[in-house]
Amino acid sequence: MSRDALLSSEHADGVTTITLHDGKANVMSLDMLRALDEALNVAQATHAAVVLAARGKAFSGGFDLAAFQRRGPELVQMLEAGARLAARLLACPRPVVVACQGHAVAMGAFLLLAADTRLCSNADLRVQLNEVQVGLTMPRFAVALCRQRLTPASLHAAIATARPFNAPQAMSAGFVDELVDPAALLATAHQHALRLAAYPKAAFEATKRRLAAPALLALGQALEEDVADWHAHAIADT
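Sequential numbering from 5 applies to the sequence shown in the working numbering.
Just so you know, the hints here were simulated from the structure itself, not pulled from any lab data.
For each residue, glycine too, the CB sits at the ideal point set by N, CA and C.
It cannot be assumed that every hint is accurate.
To be verified - Estimated spans, in silico, between C-beta atoms of each pair:
hint	residue 1	residue 2	range
1	A217	M142	20 to 30 angstroms
2	A157	T211	21 to 31 angstroms
3	E228	D17	37 to 47 angstroms
4	H25	Q48	32 to 42 angstroms
Between the sequences and the hints, there should be enough to build the whole structure, so can you do that?
Structure, rendered in C-alpha cells:
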C-alpha cells in the first residue's frame with residue numbers, strides 16, 4: 005500500500021502533524037511502520053516538533069495480525085520496526101505529542117508510551133495491551149517501555165492480565181497525560197507542540213536525552229533478546 009494511503013503529513017508553524025488513516029484500524033503493518041519512519045525523517049530534517057494523530061475509530065489497532073499468520077521474515081521485520089519506532093520516538097530530540105482520538109491497542113498503546121505529551125479524547129475508547137489475551141507473549145522491549153511510564157499498580161494489570169482501560173482509567177494508569185474534548189483534540193495537541201517547541205532547544209534536547217537514557221538502554225538490551233526469539237520462532241516454524 006502506498007504511503008499516501010496510509011498517512012498524511014502537514015507542516016505549519018514549526019510543527020509537523022502526521023495523521024494515520026489507512027481506512028481501517030491504522031494497523032502497524034510493515035508498510036505503515038516504514039511510512040512513519042519516512043515521515044519522521046522529514047520532520048527531523050526540519051527540526052520540527054511532531055504531532056502524531058489518526059483518523060477513524062482507532063488510533064491504532066496494533067501490529068498487523070495477518071503478518072503473524074504468515075510468519076517468516078516479514079513478521080520479524082515488522083516487530084523489530086515497531087520496537088525501533090518506539091525507541092525513536094522516545095529518543096526524538098524535538099517534542100513529540102500524541103493526539104489519541106480512538107482505540108489504542110498493543111503497538112498503538114506503545115506509541116502513547118513513547119511520546120512526550122499524550123493527549124486522549126474523552127470519548128468511548130479502549131487502551132489495551134492485549135498480547136496475552138490473544139495468545140502472544142509480551143515482548144521484552146514492550147515491558148521495558150511500559151515500566152518507564154505506567155504506574156506500579158497498573159503495570160501488572162495492563163501487561164499480565166491484558167486489562168482494557170477506558171479513557172479516564174488510561175490516564176490514571178499512565179498511558180496518557182490529559183483528557184480532551186474530541187472536538188478540541190487536534191488544536192490542543194498543536195498548542196502543546198508549540199509550547200514545547202518554544203523552550204530553549206539545547207536545554208530541552210539535552211534534558212530529554214538524559215531522562216530517556218536508562219529506558220533506551222533497557223529497550224536496546226531487551227530488543228536484542230527479542231529479535232533472537234523472533235527469528236527462532238517466526239522463521240524456524242515456517
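Hints and how they fare:
no. : hint                            : in the structure
1   : A217 x M142: 20 to 30 angstroms : 23 angstroms, holds
2   : A157 x T211: 21 to 31 angstroms : 27 angstroms, holds
3   : E228 x D17: 37 to 47 angstroms  : 39 angstroms, holds
4   : H25 x Q48: 32 to 42 angstroms   : 22 angstroms, violated
Of the hints listed earlier, the one the structure fails to meet is number 4.
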